[in-house]
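S.K.: Sequences listed follow chains A and W, in order.
The end of the first sequence is residue 533 by numbering that gives the first Met the number 0, with every number in the run present.
The end of the second sequence is residue 329 by numbering that gives the first Met the number 0, with every number in the run present.
Some hints could be false.
[Claimed, not checked] Derived pair list, reagent style DSS-like, types lysine-lysine, alpha-carbon separation capped at 27 Å:
{"no.": "1", "chain 1": "A", "residue 1": "Lys393", "chain 2": "W", "residue 2": "Lys114"}
{"no.": "2", "chain 1": "A", "residue 1": "Lys318", "chain 2": "W", "residue 2": "Lys328"}
{"no.": "3", "chain 1": "A", "residue 1": "Lys244", "chain 2": "W", "residue 2": "Lys114"}
{"no.": "4", "chain 1": "W", "residue 1": "Lys318", "chain 2": "A", "residue 2": "Lys313"}
[What the hints assert, rightly or not] With beta-carbon atoms standing in for the labels, derived distance ranges:
{"no.": "5", "chain 1": "W", "residue 1": "Phe163", "chain 2": "A", "residue 2": "Gly472", "range": "48 to 58 Å"}
{"no.": "6", "chain 1": "W", "residue 1": "Pro112", "chain 2": "A", "residue 2": "Glu148", "range": "29 to 39 Å"}
{"no.": "7", "chain 1": "A", "residue 1": "Glu428", "chain 2": "W", "residue 2": "Thr170", "range": "39 to 49 Å"}
Hints listed in this document are in silico derivations from the structure and should not be mistaken for laboratory results.
Quick caveat, the model's predicted, so the values are computed rather than measured.
All C-beta atoms, glycine included, are put in the ideal place defined by N, C-alpha and C.
Here is how the chains run, residue by residue.
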Amino acid sequence: MKKTPQELLQIEYRPPRREWMDPHVDFEARRGTWSYPAAPKNLEYLGLPNPREWSPTDEDWKLPDDWKEIVHKGFLDLLDRFRSLKVFMDCCVRCGACSDKCHFFIGSGDPKNMPVLRAELLRSVYRKDFTTAGKILGSVAGGRELTLEVIKEWYYYFYQCTECRRCSVFCPYGIDTAEITMMARELLNLLGVNINWVVEPVANCHRTGNHLGIQPHTFKDNIEFLCEELEDVTGIHIEPPINKKGAEILFIVPSADYFADPGIYTFMGYLLLFEHLGLDYTLSAYASEGGNFGLFLSHDTIKRLNYKMYAEAKRLGVKWILGGECGHMWRVVHQYMDTLNGPAGFLEVPRSPITGTVFDNAASTKMVHICEFTADLIHHGKLKLDPSRNDGWKVTFHDSCNPARGMGLLEEPRYILRHVLNELYEMPENTIREQTFCCGGGAGLGNDENMEMRMRGGLPRANAVRHVHEKHGVNILSCICAIDRAVLPTLMEYWVPEVRVAGVHEMVGNALVMEGEKERTTNLRGEPLPGKEA
Amino acid sequence: MRAFQALVIVAVLSGAATLAAGVTAMRPVLGIVLPYLALAVFLAGMVARVVWWARSPVPFKITTVCGQQRSLPFLRRQPLESPFTGWQVVGRMALEILLFRSLFRNTRTELTPRKNLAYQPDKLLWAGALAFHWSFLVIILRHLRLFLEPVPRMVGILESVDGFFQLAVPTFLLTDAVIVAALLYLLARRLFNARVRYVSLAADYLALFLLLGIAGTGIAMRYFWKVDLVSVKELALGLVTLRPVLPEGVGAIFFVHLFLVSVLFAYFPFSKLVHMGGVFLSPTRNMANDNRARRHVNPWNHPVPVHTYEEWEEEFHDKLVACGLPLDKE
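Can you build the whole structure from these sequences, using the hints too?
M.R.: Right under this line is the structure:
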């Protein structure tokens, strides 16, 4: 990142003189705020349209000759399939309630990051092509001709939305920009205009079972390595079952949890918890991804990747599925999975084997969030916890967009945190729960070439963290999302370097008093516990 | 500029109606033909629009959840922010439609000189929108006095409440003041809030100027250039009983008022004003957050290419063997 925080904070919220209907984007001047296009090999592997080498800075984007017709037909097809699109195209009154709710607008001041205008980029073309008023009156009625410049503008701005749905909370008609962005990305996808940071994970996941492209032997190696680390800390030897037929529960986590710091500590927390309980579960090297980057590409790719969860649960003969800490994974599991790949009649209504609690809120989908599972355990007093082991941490909790606004999982993680540690401080109320701010790197935008935009988009979150850091000395940001754990450390380093990032179950793992463990002198990160410094 | 376009349109429409009202031959057009036509366009247009929306399925249950889900019994749920049952959805929708729940959340984001982000509650838009919509509804209901004989008791009660402040003769009606104030606020907001001005289309101003024109002529008739109410009622009753008559002695201003109302009705189905119907159909608000408990069916859920376990095992066979993971096929 070349720009300093002070430079980045020079944000101009007053809109420019130039009218928004002018679509021009200077990609060269705006390096650092857009993502690289998909490599042809990934599109080829998935059988998606128009694989080719190209760059947004090129004059010629090598689109199919009939690109205009493709978009027009694609738009009609989406209107036919999604009532949401029709209603959202027609109902906006441009009241402006959403205009300052987007983290990218707050961090950049770019008026096209106001949710209302992001939608107008699509809506203007809709009016021109599909409404009576727009066909006759053109720009007076808010209509706009679909040109190549408009396609380029769509690429820039619909890959500058993290589908966090904060704006949708404030909209009097519930217009959901995530839905609009998803539609726009479907259209762009028809032309082969998409980004590699989305398409490569999708291709990887389709092939190997996870976004990172980790093959089964490496999957096993990674987990064994983490178990060794865990043994060093706790003295407990764990061998997590993989692809075990007949286990009671299939446990699926986002792949970053067994791959990268700090997600791996969360993973260690899961493993300790299950060992503590003596749970009959299995991991899967085939369904080795909880997340679903298909969500950021098209509805078909959501289904293609998500297919593995039920398929693997059926093959292994488990009773129900438990899911790890991941944001967009839970949007898919909660709002799409059962519809796309269900019904899962071969599974049973989830029931905790430890407490007997029946999760009837998951009676159909048959998949439970680990925070629901753990909160229930704590409520029934099934965990032996020593919260003082987390005393080095002053914690705040970041609601991840999708568990918050996609499922309403707000209290479960807080309930857990209050029981496994002693110092939990909330950020200001307009920045948490259903009003939570995105990490700035969701929906496939967490790549390095997009760093400036990430730091801008993450500003509202970071600013709220800085507030509790200065007020209460908060030094760790807890979250339940793998993308958070991947991008928030960079964000914190930039805006609030004193604050680190952790999953909720890392804190659980620290506090768990295991039978037969050695005296703990360090936390799961291998750092000395308070009072145990050498 | 866009505001000016809209102002010119409404001014031209009003001017044309004023001129036409002075020509005897045009009065049946303004008083009878256009109102019928506008009503027909409104009804047909709105039905067509709603049918068009309804023709597309709702493939996914994409509720925007604004509160704690129903999960574990010891966690406090927020059924109106995260409805789980049909009645809870009705409750959420009622709050949204009757009280503009979501707008009530509105905040104003500011970057302070010390570079802190602050979010101030900002209820003014909510208050303005609510004031406009409710006073508009009351005014429409009050107009039933003209269309119904005998006048329903409810209308009488509504008027006496509306005229609570007996300030003048004829009784000053609160909603007359409120609707003009609210419309002027909404207009001022569009003109002077830089962000809202930037996103506003001519159509956004057009709706406001039309409504202001209608309210303005209506108020003028009531308090200043009074028209013969008996004649107006005769005309209105004729229209609803499908035996239209055009009484003498109705002032020109009445025809301007009626013409602008006709324009609003005819314009309605082709504009953003369809949000009146759309708000009921918004899939992020009108569905329960019960996704995992009750399966939602997508009518076009077509098959997609997948990578099956068998294909995966075949591709990674040697590696699976080498690391000792179990195989389905030996």
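S.K.: Of all the hints numbered above, which does this structure not satisfy? Sort the numbers upward.
M.R.: Failing hint: just 3.
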